[in-house]
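Enquirer: As a plain string of letters, each chain reads:
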Amino acid sequence: MTSVMIVDDEKYVRQGIITETDWDLIGCEVVAEASNGEMAYELAIKHRPDLIISDIKMPKMTGIELAEKIHERFPNTKIIFLTAYDEFEYARAAIKLGVSDYLLKPFKDGELEGSVQKLLHLHPMTSNADDAQLEDELINLKKKEDISNRYVQSAIEYIENHFSDADFALGKLAESMGVSEGHISRLFKAETDISIGNYLTRYRIRKAMNHLKNVQVKVYEVAEKVGYQDIAYFSNTFKKLVGKSPSDYQAKGLE
Amino acid sequence: MKGVIKQSFKRQIFVIFLTVTLALVIIGGILTIQGFLTKLSSDYEKRDLDQFSVIKKNMESDLKMSEEALDKLSNSRVIKATIENDYANSLDIYTSLYEASRGIRDFAGVGIYKGGRCLYSTWTDTGSKDLPQNYSVLGQAQTQKGKTVYSLDPRSSSERGAALLMARQITEGVENGYIVIRIEQNAVKERLSKEINSKDGLMLTTGFLRPICLLGTAEDGSELSGIRKNFLIGQKYTFGSTNNIYITELADTGLLCIYVTPPALGEGAARAGYQIVVILSIISVLVCLLVASRMSEYFSKPIAALSSAMKRFRKGDFDTKIELERDDEFEQLATGFNKMTTQLKTTMEERVEAERNVNETRIKMMQAQLNPHFLYNTLDTIKWVAKAHGVNEVATLSSSLAGILRTGISEKQFCKLSNELELVQNYCDIQKIRFDDKFDITIDVPEDVMNAVIPKLILQPIVENAIIHGMEEMDDGHIYVAAVHDTANGNNLLKISVQDNGKGISDEMLNALNNDDVETLKGHLGLNNVNTIIRLYYGKEYGVMAFRPSEGGTVMIVTLPYSEDQP
Chain A
164 MTSVMIVDDE KYVRQGIITE TDWDLIGCEV VAEASNGEMA YELAIKHRPD LIISDIKMPK
224 MTGIELAEKI HERFPNTKII FLTAYDEFEY ARAAIKLGVS DYLLKPFKDG ELEGSVQKLL
284 HLHPMTSNAD DAQLEDELIN LKKKEDISNR YVQSAIEYIE NHFSDADFAL GKLAESMGVS
344 EGHISRLFKA ETDISIGNYL TRYRIRKAMN HLKNVQVKVY EVAEKVGYQD IAYFSNTFKK
404 LVGKSPSDYQ AKGLE
Chain B
523 MKGVIKQSFK RQIFVIFLTV TLALVIIGGI LTIQGFLTKL SSDYEKRDLD QFSVIKKNME
583 SDLKMSEEAL DKLSNSRVIK ATIENDYANS LDIYTSLYEA SRGIRDFAGV GIYKGGRCLY
643 STWTDTGSKD LPQNYSVLGQ AQTQKGKTVY SLDPRSSSER GAALLMARQI TEGVENGYIV
703 IRIEQNAVKE RLSKEINSKD GLMLTTGFLR PICLLGTAED GSELSGIRKN FLIGQKYTFG
763 STNNIYITEL ADTGLLCIYV TPPALGEGAA RAGYQIVVIL SIISVLVCLL VASRMSEYFS
823 KPIAALSSAM KRFRKGDFDT KIELERDDEF EQLATGFNKM TTQLKTTMEE RVEAERNVNE
883 TRIKMMQAQL NPHFLYNTLD TIKWVAKAHG VNEVATLSSS LAGILRTGIS EKQFCKLSNE
943 LELVQNYCDI QKIRFDDKFD ITIDVPEDVM NAVIPKLILQ PIVENAIIHG MEEMDDGHIY
1003 VAAVHDTANG NNLLKISVQD NGKGISDEML NALNNDDVET LKGHLGLNNV NTIIRLYYGK
1063 EYGVMAFRPS EGGTVMIVTL PYSEDQP
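Those protein sequences? They're chains A and B, same order as listed. This note's numbering puts the first residue of the first sequence at 164, with every later residue one more than the last. This note's numbering puts the first residue of the second sequence at 523, with every later residue one more than the last.
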């Protein structure tokens, strides 16, 4: 799990980012939140987050100053800036500091997840890795063979067989194995670090990526093939995990 | 016909040239030929008359000598005695005869007649020399006593001529005595043939046009019979003849001398003259055509250039210039025109620039009034508050509006196609909420076209038009946006189509858009602006066209030059 700290002086914004972002899906966990740079720096020392998502204009210490300090002390910590105004000076400072990404407020649903995914798994691009390795890195799925628990193994098997059903339900999965929903959910989470639902989503998007390697295929066909009825929802989910829209990915791949 | 000529500069010049030259050639040619012919024939006539008078004089002098011979013989006692008393000393008689006719002996013979009998004569003749007493020459001599009468020898008379007899009565009695001078036809011929030209003819006739002697071209008698016929039916004696004919009476003898000469110039000469006129006319028509086409080209080329340049200028091509390689007034005109277009263009550009400055100032003022930082942060807060309260529509409205404003208010006049499509998507996200999801939009643009740079806000008004005007009162509207990079036929165009399944654009708007009717488009400010902006940046051949496809709805196609940099 990637540990994340959220820094913004506005409570609603901070809370919104924490609660509305699909952290589980992208394998992240919010470990701290701060309302200014100073506080954020202290909390960073305490929690050592892998990723800081920070506003720029804040009282006491701005995002830029915070980034400088963090960069000095924890060079491996990644930072994403959030800002309302598209100012060139900010962008230049951010790049100079090795700030990894830059999002304009207000951003749309899924944009932050996609940005985080790209930053954590594709940035900087490991040039010698092939596509399959990059995709594994981006959307990590534990293999059946690596799992000791029999139930979890058969749950994964069930997902592999039924992911394309639009009416896939946890109840049916549990029923097919003769265990309770709660039990299998707990077992699954313990073994794989993510929920069955998120595993299904990741599995579906991985399959979708494979389908989209064929440039002839239409996006809505792919959505249907991997069990989505709502294309907008499919696109949004795809964007969260891959960092770009399905059509964009189809045209350009991961680059 | 008149209209056809007046429509063309070339034809007008041709007609004027043709009129002038043809008038000169035809009138001049005819006058020259006529004048020449008249002068020539008058010269000939004068020469002929000179010639004729010489001949006449010769003949008159011969006749006068004959008359004198008659006078001498009339007074000769020997002769009178011979007739009255039958004096028969033939030596005496012949001596008198020869003596009296010494001057005319070369061409005439003399004879003495008593009654119709020939007593003595100096000419040799076969057969009888007697003459009828009561008609012909002796009869006439008897009625005009003492006077000389001229007549034909009735014995040798024919259509080809006859001997001329001159007779005078000298004694009266039971049988009258006469002296007769006989001039042979051949003798006349001999004396006159030297005087006439080879192509001329001469006739000596009695007062009744009986031939005595025919010479030269008149020898066959046809000319004489023609004249005689004309006299008989009361026509001018030259009628039916191409020759010149001169008639005169020899002294008071009653004999006619007719001189015939061929026309000064034959008909052929006149015909050749007129043929030359015709040939000259044809040549002048050809020359006129050539000159008219050259002249009209010379004059009309710069005029046509000027006219087409003005047309181009009227249609909005302010770079119109005229290039003439000349040094005359046309060149001055072209220079003036070029100066005018340059000045107008400068003025236009200044005005556009001024307007742009005003607009930019306005945008800056708006931006100064409303701190964008504050604006976007507020919209962000609205989004998160809405999410916290589970009102996702408000969150969408807020972030979409922020997206539109970010492109809409920015100072940049151009953006990537991807940005514009994002804006369109944002706009539709808002409108979908406002209109309760009554339509949806599909954007089908290949990634490689997304980097094209276009003037911002040119698609949004079109989509807006589709939603507001095209699909009102509909529950299942659909908008389909597509773009292609058209490289066919050497083109390098970006074509963006916006299709809806609405009620279809009105005829009025369709015509207004496709014919660029600004007045009608004023009601649809957005669409008009799109056209204006595109043409301002790229030229009048680009812009928006509208169609109504057979399956219904409206298709709008925006055509721009494809570029990944702003112009």
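A hint or two may mislead.
Pulled a few chain A residues facing chain B out of the computed Cβ check, cut under 7 angstroms [unchecked claim]:
id	residue
1	K174
2	G179
3	L266
4	A414
5	G416
Chain A residues, not near chain B, derived (Cβ > 10 angstroms throughout) [what the hints assert, rightly or not]:
id	residue
6	V176
7	Q178
8	T182
9	D185
10	D272
11	L282
12	S348
Hints listed in this document are in silico derivations from the structure and should not be mistaken for laboratory results. Keep in mind that this is a model prediction, so the values were computed, not measured. Don't be surprised by glycine CBs; every beta carbon is placed ideally from N, CA and C.
Enquirer: Run every hint past the structure and note whether it holds.
Expert: Hint by hint, here is what the structure shows:
1. K174: violated, 9 angstroms
2. G179: Hint holds; G179(A) Cβ to chain B Cβ min 3 angstroms, cut 7 angstroms.
3. L266: violated, 11 angstroms
4. A414: Interface hint status for A414(A): holds (3 angstroms vs cutoff 7 angstroms).
5. G416: Given a least distance of 11 angstroms, the restraint on G416(A) is violated.
6. V176: Contrary to the label, V176(A) does not stay out of reach of chain B, its closest Cβ about 5 angstroms off (not over 10 angstroms).
7. Q178: violated, 6 angstroms
8. T182: violated, 8 angstroms
9. D185: holds, 13 angstroms
10. D272: Since the minimum Cβ distance to chain B is about 8 angstroms, D272(A) lies within 10 angstroms and the statement is violated.
11. L282: holds, 21 angstroms
12. S348: holds, 25 angstroms
Hints 1, 3, 5, 6, 7, 8 and 10 from the earlier list are contradicted by this structure; the remaining hints agree with it.
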